[in-house]
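Next come the chains, spelled out residue by residue.
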Amino acid sequence: MDFTVFAQQIANGLVNGMAYVLIATGLTLVFGVLRIVNFAHGEFYMLGAYLTYFAGTLLGLDYITAAVLGAVVVAALGVVANKLIFWPLRRDHEFTILLSSLGLALLIANSGELLFGADPKYVESPFADEILDIGTVTLTQQRVLVFAAAVAVLVAVYLFIRYSRFGKMMRATAQNPDGAALTGINIGLVHSYTFALACGLAALSGALVGPTVMIFPTIGNWAVLKGFIVVIMGGLGSVTGALFAGLLLGVIESLGGGYISLGFMEAIGYAMIIAVLLWRPNGLFSTARGLR
Amino acid sequence: MLGRRDLIAAAATLALAIPFVGPSAGALAQQPPIRIALIGPMSGTGAFEGQLGLEGAQAAAAIINAKGGVAGRKLELLNYDDKGSPEDGVSAAKRAIEQDNVDFIIGGWFSAVALSMKEVTRDKIITVMTSSQHPKVTEEGHKYLFRLNATSAMMSNFYSKAICGQIKPKSIAFMNVNDDWGRLELDNYTKLLGECGIEIKGHEFYNRTDTDFTTALTKLKALNPDAIYVAAINTSQGATIYRQVRQTGFRGKVIASAGNMNPKLVELSGNSLESVYSASPFVEDNGQPSMKPWLAEYRKSYKNEPSFIAALGAQGVELIAAGVAGTGGDPRAYDKIAAYLKANETPTVLGNVRFSDQGQATQPIHLVQVKSKQIVAVRD
Amino acid sequence: MLKVENLQVSYGHREAVHNVSLRVEEGEIVTLVGSNGAGKTTTLKAISGLLRASGGTVSFDGERIDRLAPHQVIERGVVHVPEGRLLFPEMTVLEHLELGALRGRPGSMGFAERLRWVYDLFPVLAERHAQKAGTMSGGQQQMVAIARGLMANPKCLMLDEPSLGLAPIMVDTLADTIKSLHASGITVLLVEQRVDLALRLADRAYVLETGRVVMEEAAHTLLADPRIKTAYLGL
Ligand SMILES: Nc1ncnc2c1ncn2[C@@H]1O[C@H](COP(=O)(O)OP(=O)(O)OP(=O)(O)O)[C@@H](O)[C@H]1O
Ligand SMILES: [Mg+2]
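Respectively, the protein sequence lines represent chains A, B and C.
Those letters in the first sequence? Residues 1 to 292, by the UniProt record's numbering.
Those letters in the second sequence? Residues 1 to 380, by the UniProt record's numbering.
Those letters in the third sequence? Residues 1 to 235, by the UniProt record's numbering.
The hints are simulated quantities; they were obtained by calculation from the structure and are not laboratory data.
Honestly, I wouldn't trust all of these hints.
[Unchecked claim] Computed Cβ-Cβ distance ranges for the label pairs, DEER-style:
#: 1; chain 1: C; residue 1: PRO168; chain 2: A; residue 2: ARG90; range: 37 to 45 Å
#: 2; chain 1: A; residue 1: LEU159; chain 2: C; residue 2: SER21; range: 46 to 54 Å
#: 3; chain 1: B; residue 1: TRP181; chain 2: A; residue 2: LEU278; range: 53 to 61 Å
#: 4; chain 1: A; residue 1: LEU99; chain 2: B; residue 2: SER372; range: 49 to 57 Å
#: 5; chain 1: A; residue 1: ARG91; chain 2: C; residue 2: THR57; range: 17 to 25 Å
#: 6; chain 1: B; residue 1: TRP181; chain 2: A; residue 2: LEU99; range: 32 to 40 Å
#: 7; chain 1: A; residue 1: THR136; chain 2: B; residue 2: TRP181; range: 30 to 38 Å
#: 8; chain 1: A; residue 1: VAL144; chain 2: B; residue 2: VAL376; range: 29 to 37 Å
#: 9; chain 1: B; residue 1: CYS196; chain 2: A; residue 2: LEU278; range: 50 to 58 Å
#: 10; chain 1: A; residue 1: THR240; chain 2: B; residue 2: GLY165; range: 57 to 65 Å
#: 11; chain 1: B; residue 1: LYS373; chain 2: A; residue 2: LEU159; range: 52 to 60 Å
#: 12; chain 1: B; residue 1: LYS373; chain 2: A; residue 2: HIS93; range: 48 to 56 Å
Backbone N, C-alpha and C define an ideal beta-carbon position, used for all residues, glycine too.
The following block holds chain A by itself, in its conformation from the complex:
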C-alpha cells in the first residue's frame, strides 16, 4: 500500500467527515431539544450557500463576511420557520411534525429554484484553489478551513451547551421538557434559539462546503442525507456521538472509495446505518437519550 495515497485519502475523509459533523450537529440539536426530525435542515444548508454566493456577487462582500452574514440571516429565518410552523404544532402527533418539516423542505427547495434559478452556481472563495502541502498530503486552503472552522465552531458549541446558562437550559429542556418548564425555563425561547443555532450551523456548513463543490437548489437533499446518516450512527440527540460518527463516515467513505470501489461509496453510509440500527439501536456512541 502506497503510504502517500493512504495518508491523502485519510485527510480527504477527515475533511469530508468534519463537514458532515457540522451539518449533523444542528440536526441532532433540533432533535434533542425540540424533538423534531427536521427534513428541512438541508434546505437551510442550501440557503447558507446561496446567501453567501449572493452576498459576494450582489453586495460585493468578501467571502468570510458573506458566510457569516449568510449564517446570521438563515438563523433568523429559522426563528421565523419555528414560530410559524413547529411551535404551533409542538403538541401535535410526531407524524404531523415530520410531514410539516418535509413540506417546509419542499417549499424552500422549490422557492429556491424559482428565485435562484436551476443552473449551478459557484461560491467564490479566495482559499478555494490555493494548495497547501502538509507533509505528503495536499489540501486546498478551503478544505483546511472547512476542517479548522468546524473544529472551532464545534468546540464553541460544546462549551456553550456545557457551561453557559442558555446551554444548561437547552440540556434541561432536552432531558425533560415538562420538568424544564416547571423549573422556570422559557421553553419557547429555548426552542426558538436552538432552532436558530441549528439553522445557522447548517448555513455555515453550506457556506464552508460551497466553494469545494457547485451549488444548485437541490443540494439540500445531499446535506440532509449525510446529516441523518451521521445522526443515526452517533445517536439521536448526541453531539459528541455526531462528531465521532461524522469523522468515521468520512474516513470510511474515503478509504472504501479509494481501496474498494467508488460505486460502493454511497452505499457505505446506508450499510453503516443498518448495521448500527441492528447492533446498537441507540447509536454507536450513545448510552442514553437526551442532549449531553
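Use these hints to put chains B and C with the ligands onto chain A, whose structure you have.
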C-alpha cells in the same frame, strides 16, 4: 383575451400604418408567417439548456426577419415545453401540429424525447432534431427528419485523431461517469488512443450523484499520467471535477470529453479550466458569414454567453429558412424541401452542413482549448 | 391567596377536571386528596401553566394567572414540584439548583445565601452537588426536586406526591421538612396518596373524585371521621 396571434396582427397593422415603411414591407405584412414550433425542456433539469436553445433560435430568426424574412414571409417561433420527458414532448408535438398548425418543428434536445417525438411527426412534417446523439434517432427511417448534432462515433473519430496528433500526451488516465455513455467513452478512447501509442494508465468511474471527487482524483493523480481525460456531461459535476483536478495538485494536461465544453462550465470552473482541451462544433472564430451577426444579435438580446446549444437552435432556423428559400417559398412542400436539403450544403453559423439520405448532418468539428476564459479553436 | 374557580381541563376531547373550585389562604397548608385518577395532578398542572384550562379561572394574589406560561407563573411565586420529580438525569445537583433560581422572585436572599439555606435543609445535596441526578436514590431525587423548587423563592409551593417511592423513615423526614418550610412562611398546597400524613400536616382538605370536588373540610374533622375516610378515601 389577447393572444399571440392578435398581437402579431396588431403589430402588422401598425407596421402598415407607419408611413415611411416601404411597399415591400407592406406586402410582407400581408403574407402569413412561416410558423416554427420550438419544442424543448423549458422546465426541469434541462431548463437551462432549453433556454439557451430557444435564445439561439430567436436570435437567428430575428436576423432573418430583419432582412425581410424568407421568400417574403416572416418566421414566427412558437415555444413548447417538453420538460425533458418523452410524454410531454409527444403531446407538445401533437398540439403544435393539430392545434397550432405549424409548418416545421425544431426539437429533440434529449435522445429519449427525440425517439418518441419522431414517431408523432414521422412523414408528416419536417422535423429538425438538435442535440440528441442516440444513433436510432436517424437510423429508423423518417423521410422528413434531420438531426444536427454529430453522433458520438463521429465525435470520437475526430477527437482521438486530434488528441494523438495535436495534444500528444505520453500517457493518459480516465475519469468517467458511470453510465452507458461514460463506459462507451472509456472503451472507445482506450482503443483509439492506445492505437496511436498513448499509454493508458488507468481509469475511475464516478457516480452520477457524486458531489465530491477527491477520492477518485487522488487515485488518478497517484498513477502519474501525463493527461487526465474527464468525461462529464453534467455541467455542475464537470466544473467540480475540473476544479478538484487542480486542487489535488495535478499539473498535467486535462482533456474534456467532446461536445461538453461550454461558457457556463468556463464560468463555474474559474482558472481550473485554463488550457483544458475539448472538441466542439462551436467556435466563435470559425469564419462563417452568419456567425458574426448572430453572435452580435445574441449578445445584444440575452445575458447568457453564446454556446453550442444556442448555435444548434440557430442552425435549426437557418436550415428551415434555406430549405424554404431554395425551393420556391412554399413551407409545406416537404418533399421538395427535404430533397433540397439532402442534395445541397447549407451554410449555417457552425459551418456548411451536409445531410445523409437518413438526415444525419455532417458538421465541422474543431479542437478547442480554454484560453483566458475563452473557448478558442486550436489551429495547427 | 391562590384561588381556583370552576376549573375545567381536558386531554384531547376528554375532560378530566370538571368545575373544580378551591382556594388556599396565605400561611395555610391545604391538601388535595382523592383516589387514583381523580384529577389532582391535572389540577396542579393547570395552576402551574403546564396545561391550559379549557374553562374557569386561576388567580394568585388577585391576578389572573391561567393564561400564563409556566415560567411566568413561577415569577409570580407559585412553584410546582411535580409528581415523578421530572429531573434532568444527566445534569448535576448544582445545575438543577442554578436552573431553579433562574426565574426566582427577588427576595431577602441572594443566590449564594439561598443555596446555603437549601443545603442546610438537605445536607446530603451539598455533599453530592456534583453528582448527576439520574444516578441518585429516590429519596435524594425528591430532595433535588423540592430544592430546585425552593431556589425560585416560592410564596406558594405545590407538592405533588412527594412521598412517592420513599422509604418509611424518609417519609418522616419529609413531613418535618414540609413543616419547617411552612414555618418559614411558605404556603403549601399538598397532594398526597398517604392521606393520613397529608391530613395530619394540613389545615384544610379538599376531596376530589373523578374530577370533581366532593368535600371541603377542616383536616382534623376528616381525620376524625372514619366513615368519610372509608367512603371517599378508601382507607
Ligand atoms: N396525559 C394524559 N393524557 C390523557 N389523559 C390523562 C393524561 N394524564 C392524566 N389523564 C387522565 O386524567 C384523569 C386524571 O388524572 P390525574 O393524573 O390528574 O389523576 P391523579 O388524581 O393525579 O391520580 P394519581 O393519584 O394516580 O396521581 C385520569 O383519568 C387520567 O387517566
Ligand atoms: Mg397524580
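Checking against the hints above, which ones are violated?
3, 11
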